[in-house]
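Student: Going down the list, the protein sequences come from chains H, B, W and D. Under our numbering, the residue at position 312 of the first sequence is numbered 492, and the numbers go up by one with no gaps. Under our numbering, the residue at position 40 of the second sequence is numbered 220, and the numbers go up by one with no gaps. Under our numbering, the residue at position 387 of the third sequence is numbered 567, and the numbers go up by one with no gaps. Under our numbering, the residue at position 102 of the fourth sequence is numbered 282, and the numbers go up by one with no gaps.
Mixed in with the good hints there might be a few duds.
Chain copies aren't distinguished; within one or between two, either way the pair holds.
[As the list claims (entries may be wrong)] Think about it this way: if two alpha-carbon atoms lie no more than 30 Å apart in a straight line, the pair counts; the simulated DSSO-like pairs of lysine-lysine are:
1. 459 / 232
2. 311 / 459
3. 311 / 334
4. 558 / 311
Everything labelled a hint here was simulated from the structure, so no lab data went into it.
There are 4 protein chains.
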Amino acid sequence: VPDAIRGSIGRRLRAAVIGGGGDAQIAATHRLAMRFDDAFDIVAGVVSSDPKRAVAEGDALNIARPYPDLATMFAAEARREDRPDLVAIMTPNHAHAAGCLASLDAGYHVICDKPLANSVAEATEIVARAKSRGLLLCVTHNYSGYPMVRQMRKMVLNGAVGPVHLVQVRYAQGNLGTPVMDGAARVAALRWRLDPAMGGRSNLLLDVGTHAHQLLDFVVGSDFETLAADLGPSLPGRTFDDTVMVFGQLENGARASLTATKAATGAPQILDIEVYGDKGGLIWRQQDAQSLTHCRPGAADSRLHRGMEKLAPEVLASMRNPRPHPEGFREAFANIYSAFGASVSARLAGRPDDTAPLLWPGPDYALRSLEFVEACMKSSDTRSWVRLREFGNGG
Amino acid sequence: VPDAIRGSIGRRLRAAVIGGGGDAQIAATHRLAMRFDDAFDIVAGVVSSDPKRAVAEGDALNIARPYPDLATMFAAEARREDRPDLVAIMTPNHAHAAGCLASLDAGYHVICDKPLANSVAEATEIVARAKSRGLLLCVTHNYSGYPMVRQMRKMVLNGAVGPVHLVQVRYAQGNLGTPVMDGAARVAALRWRLDPAMGGRSNLLLDVGTHAHQLLDFVVGSDFETLAADLGPSLPGRTFDDTVMVFGQLENGARASLTATKAATGAPQILDIEVYGDKGGLIWRQQDAQSLTHCRPGAADSRLHRGMEKLAPEVLASMRNPRPHPEGFREAFANIYSAFGASVSARLAGRPDDTAPLLWPGPDYALRSLEFVEACMKSSDTRSWVRLREFGNGG
Amino acid sequence: VPDAIRGSIGRRLRAAVIGGGGDAQIAATHRLAMRFDDAFDIVAGVVSSDPKRAVAEGDALNIARPYPDLATMFAAEARREDRPDLVAIMTPNHAHAAGCLASLDAGYHVICDKPLANSVAEATEIVARAKSRGLLLCVTHNYSGYPMVRQMRKMVLNGAVGPVHLVQVRYAQGNLGTPVMDGAARVAALRWRLDPAMGGRSNLLLDVGTHAHQLLDFVVGSDFETLAADLGPSLPGRTFDDTVMVFGQLENGARASLTATKAATGAPQILDIEVYGDKGGLIWRQQDAQSLTHCRPGAADSRLHRGMEKLAPEVLASMRNPRPHPEGFREAFANIYSAFGASVSARLAGRPDDTAPLLWPGPDYALRSLEFVEACMKSSDTRSWVRLREFGNGG
Amino acid sequence: VPDAIRGSIGRRLRAAVIGGGGDAQIAATHRLAMRFDDAFDIVAGVVSSDPKRAVAEGDALNIARPYPDLATMFAAEARREDRPDLVAIMTPNHAHAAGCLASLDAGYHVICDKPLANSVAEATEIVARAKSRGLLLCVTHNYSGYPMVRQMRKMVLNGAVGPVHLVQVRYAQGNLGTPVMDGAARVAALRWRLDPAMGGRSNLLLDVGTHAHQLLDFVVGSDFETLAADLGPSLPGRTFDDTVMVFGQLENGARASLTATKAATGAPQILDIEVYGDKGGLIWRQQDAQSLTHCRPGAADSRLHRGMEKLAPEVLASMRNPRPHPEGFREAFANIYSAFGASVSARLAGRPDDTAPLLWPGPDYALRSLEFVEACMKSSDTRSWVRLREFGNGG
């Protein structure tokens with residue numbers, strides 16, 4: 181983590197979690213985010229709404245103090261010196277509000293998955309509660325965490341494109357491009373989302389519409405003042421929304437369009453934002469998340485990237501590796517470590533371990549690389565072809 | 181982490197580290213890789229070759245048992261029941277060999293940054309020692325940790341392109357594109373690398389040449405049999421290598437070219453591998469690391485991506501998120517968490533906290549998103565333009 | 181030109197042109213299109229609405245029989261055996277209707293720049309006239325001439341993506357991103373467009389909106405049944421449209437969004453169309469015009485390209501070079517020829533010619549290339565480094 | 181064509197051609213290049229080495245004065261006032277030398293396909309002959325005709341990257357990636373190339389190696405001084421070259437690598453050049469031919485494109501359309517014209533014409549577009565949803 185933030189955190193914060201048991205995908209991302217900069221310890225949690233599963237699954241997640249329900253957790257932790265510094269909420273949407281209110285009432289700062297709630301009324305209540313108690317409340321609109329999105333906001337607010345007159349945002353996924361409810365296989369992951377009681381009246385809007393909207397709101401620093409929208413299912417016979425198409429005017433006077441869909445069958449994740457003013461434009465696409473294009477009439481496009489020295493301080497502070505290495509580099513590195521860890525564990529337990537040769541590079545690779553190094557030196561020194569000594573090709 | 185690996189690890193492994201104090205960049209990546217899947221705890225370490233700094237800097241890294249030197253650590257840990265399961269080495273290159281040998285002699289499995297050593301002789305000794313003691317030895321050639329690189333290897337070995345006849349690998353960075361030794365500012369990070377006593381006779385080859393070579397070796401499953409190379413500085417007056425250009429023949433008979441340079445001034449990190457056989461080709465570029473192109477004569481290119489269902493099992497097992505979300509997503513998520521953590525820490529300590537509005541989304545965003553959601557619903561329901569209620573644009 | 185079409189044309193067709201004098205940009209493209217496949221001769225024309233300029237500028241364009249006005253041209257050509265086979269119209273928009281009607285009344289097939297007219301009423305009259313006289317009428321909606329757009333239409337109609345449920349089209353340019361009417365320099369090119377009497381009430385819609393619409397109509401084979409649109413200027417104080425944002429439902433039931441703007445300041449030409457059905461999606465972007473992406477849930481993306489053997493016959497018939505060479509190749513080739521032609525002309529006229537060394541490769545390049553060839557052979561034969569003989573570096 | 185060149189040509193030049201009968205692909209590109217800017221008329225030619233075919237195929241190509249052989253052509257044309265201004269040669273390689281020498285001896289300027297000859301000796305003779313007769317000689321190394329390649333050269337020579345220290349060039353095609361000589365189907369197009377008597381000892385080097393080399397030579401303004409190369413077949417059992425890999429030192433002291441292959445099975449055409457100096461780098465890739473990337477340490481990449489106002493004059497003079505429209509636009513435009521031409525020809529000849537609805541946009545598209553235009557206006561004016569009037573979906 182950037183030194184500025186890392187330094188300002190100091191000791192690891194103690195976190196309690198609500199939700200995230202079983203195989204909830206986004207909860208795993210929340211927990212990884214907490215580990216990423218070595219800034220949080222998850223010390224307690226209620227990871228399921230089912231009290232029995234909550235304790236067992238909390239154990240399985242290596243949580244020191246798993247609890248069966250919120251009341252028990254808040255009561256027990258209140259008595260400890262090392263009680264949590266904050267609560268992180270990663271339940272399905274419909275449980276966000278109750279979790280937030282209970283956590284705030286127990287005196288904890290809160291970081292909650294988005295949307296904060298399934299309605300403005302609930303959200304307003306939560307916000308008021310945090311304010312009245314003087315507690316911090318963060319919602320993980322994670323796209324505003326991309327360094328180049330932060331750079332884009334900074335540049336827009338600094339006037340790099342002049343007064344903004346046009347904004348276009350687009351979010352597309354293919355999850356609902358096929359008649360998903362017919363097949364049993366994929367239903368499980370979608371069940372709560374497509375149940376209005378849990379996923380909200382329009383899960384399409386709550387789940388991805390809010391991402392697209394917050395991205396616009398964050399980058400432009402201006403919200404819609406008026407809009408027209410077309411919302412609904414695009415597949416025949418479907419009863420839940422899969423697509424929204426919006427246009428309107430922002431408070432700053434700019435025209436804006438925003439589309440969000442889960443019916444882009446087979447498409448990659450597409451999330452693009454373009455902002456134009458009378459001096460130029462800024463374009464960010466999540467598929468090329470590590471760069472930002474600044475275009476100006478009659479001039480070369482300027483392609484900002486992570487290797488630049490003149491990024492805004494808060495952008496540099498958001499990049500863990502401003503050198504050439506792209507993000508994703510860490511995931512690859514972790515793959516090596518975790519696979520090696522699996523082999524070490526297998527060895528410790530006396531279990532067989534067949535996958536090692538593929539999943540982590542053994543010393544043969546290191547030896548062959550060094551032979552290559554010395555062969556290159558020899559060839560170059562002698563300006564001749566050289567023959568490498570024989571060496572098994574184990575991998 | 182993929183369930184298969186996660187499941188096979190079970191309890192967190194206890195790791196001791198050698199190296200990584202101060203601001204060593206790659207060491208931070210090693211430690212993050214250990215946290216990534218919640219699979220390792222760093223319980224002990226010697227993080228500097230300077231005994232005094234070793235303990236202080238180990239403390240600063242939240243390492244439970246920091247030691248001043250290897251002998252002390254190995255002696256002390258030997259007496260513990262909860263002694264480490266393995267040692268992770270992340271020192272400058274010249275210290276790898278001593279660290280490996282000492283760790284192996286102390287009976288630990290080892291995972292070591294690449295290159296394993298600065299010479300074949302040292303590496304051979306280390307490999308023999310691990311073998312004779314029956315210990316695991318992993319070298320973090322991290323490019324083989326990319327899911328699509330693993331998919332590429334799998335496909336090459338399965339004959340997807342037929343017998344391989346041509347391989348081209350290219351690695352380019354710009355770190356040494358300017359006369360770096362003249363300016364004081366950038367020298368620090370490069371000092372040990374450019375000192376042959378520490379960085380090796382050809383740090384260019386040891387530092388990035390080995391990456392390019394191992395990528396070829398891993399993907400193709402065949403090493404160079406003969407080669408010719410041109411190695412040296414490209415900038416006038418420079419005495420250390422910045423570029424190597426190699427061609428030759430692999431053991432499987434294929435022709436191959438490999439270039440690696442740090443003199444590609446201003447260039448992004450470029451790491452490409454292309455493998456061609458008589459049925460087709462496979463192309464992977466690190467700049468688009470999450471896809472793999474399979475081309476065949478007269479046919480559409482097939483672009484494999486993380487959303488596919490038919491990737492090799494070990495590839496799926498390497499992806500933490502096979503859904504649409506790209507890698508880098510986690511870093512953005514972590515930015516939100518860490519910034520929020522900084523604010524919580526500031527609040528706990530009574531410190532002011534000015535950066536919050538930019539660095540983590542407060543509840544205003546959540547409220548505005550929900551207003552947007554309800555405005556879209558209303559507009560769509562009424563097929564009319566709607567006006568959002570006024571709301572402050574705080575951020 | 182594809183053999184099928186070329187063969188079916190036989191002798192060059194004789195064309196008369198209306199419009200295109202001076203430096204009208206799109207008219208130069210019309211004329212080049214006529215020369216491209218050696219299929220047309222421009223034998224007559226009225227290239228300006230000003231009778232005096234019409235004859236002089238027609239001469240300058242190497243048109244054999246330039247005329248001062250339409251009446252004169254049609255009367256004179258009616259008496260010739262080698263009268264034109266067709267009329268090509270490339271005037272500003274407001275003159276399309278009169279040109280079409282006069283040409284049809286004179287018995288000519290017509291190919292006309294888009295839009296066919298500035299109103300539905302005029303267009304309906306023209307269409308009826310062509311039909312009643314049994315004459316062919318083509319409108320140069322040129323995006324449907326891209327091979328991969330044709331392939332996309334073919335695949336959509338053949339069910340490659342299943343029944344279409346979602347379509348998104350986007351057109352963006354930056355021409356009107358700045359306050360253009362304030363500066364004198366750029367006004368000239370825009371004058372007729374921004375004068376409602378000539379460019380139509382909404383030149384934005386007529387000029388680029390129709391391109392976006394026809395692309396959707398052509399590819400999907402279905403038009404809007406209902407829609408909502410937001411049309412107007414995005415720059416403050418501007419009185420003419422620069423942006424339209426549309427959503428609605430197509431006749432086939434699909435949801436669709438379409439945006440077209442000239443206010444994307446500094447942006448490249450962006451023209452994208454995406455079509456999704458319940459089996460998959462097809463994506464075409466003009467910036468990568470020579471490929472077409474077919475995506476399907478859970479499968480690798482298929483990237484169709486010009487080197488494929490299984491493209492639809494009418495697509496292959498649209499590509500002049502189905503081999504690896506990309507389009508644009510021809511423009512580069514023509515640059516060499518035309519620059520050499522300029523030098524030949526200069527030599528013939530005894531004029532000096534300074535630009536040659538840059539603009540066309542002289543024989544020194546050929547000599548050096550051949551020396552390179554022989555040096556490579558020698559090096560490879562001898563597996564040794566070789567030294568090229570000294571040769572001047574003239575260029 | 182750029183005004184400067186177009187203006188300097190004046191009347192169309194009269195050209196005689198040698199070669200290009202039948203279905204020779206590159207000859208069609210030569211002829212199109214001559215028509216592109218309306219700068220040449222092909223008035224005479226010997227299009228085949230077979231006298232009988234030469235006249236018939238010349239007729240089929242609409243060449244006014246086709247001849248059976250060179251002697252006859254040069255003798256006959258010598259007697260005409262309107263004799264050619266130049267000769268354009270587009271035969272297989274082995275006939276270049278004889279064609280050039282005969283044309284020069286007959287007093288003509290010459291533009292010849294590359295390589296100028298199959299050996300340095302022949303090429304030297306041709307160059308000397310041109311020089312001694314004071315005639316112009318151009319070789320169509322067409323990659324130097326790309327505007328951005330010209331811009332790159334200009335910038336390199338102007339010091340944009342500082343003194344050049346590293347150059348990397350790569351050319352890859354897949355034509356010879358499969359055992360082509362086994363199948364009869366593809367042999368025809370390759371026969372002369374793979375016959376050393378016609379294609380040269382190493383057609384790989386002569387055909388594409390020279391392209392890669394000239395691109396380097398042109399852009400850098402410096403040739404190899406020393407080099408090492410590996411040349412040969414990559415497919416087992418093959419006797420002709422398909423791959424060359426070269427590294428060496430340029431006259432200016434820079435290190436350089438160059439690879440050229442036709443064994444990149446299934447690959448797209450890849451032609452890349454990268455040039456690095458101590459101030460930065462320039463990167464051009466043919467697959468994105470219309471842009472040029474300028475990278476500098478610590479700064480945003482600058483992406484030069486055709487819409488810029490500050491390109492070098494000779495670059496602007498090489499672009500027929502400096503506005504947003506990309507190259508390839510013209511080919512699409514020509515597709516519309518030629519297909520319409522085919523329909524007009526069919527109508528004139530009373531032939532049926534089934535392909536029209538796909539290949540050229542009929543007036544229905546124009547009508548529907550205008551209806552769309554008016555519907556958008558109405559919707560926007562009324563801020564309401566509108567319904568388009570019913571209209572047949574003919575296409």
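Student: Taking the hints in turn, state whether each one holds.
Tutor: Comparing the hints with the structure gives:
no.: 1; hint: 459 / 232; result: neither (60 Å within a copy, 41 Å between copies)
no.: 2; hint: 311 / 459; result: neither (39 Å within a copy, 49 Å between copies)
no.: 3; hint: 311 / 334; result: within (27 Å within a copy, 55 Å between copies)
no.: 4; hint: 558 / 311; result: between (70 Å within a copy, 29 Å between copies)
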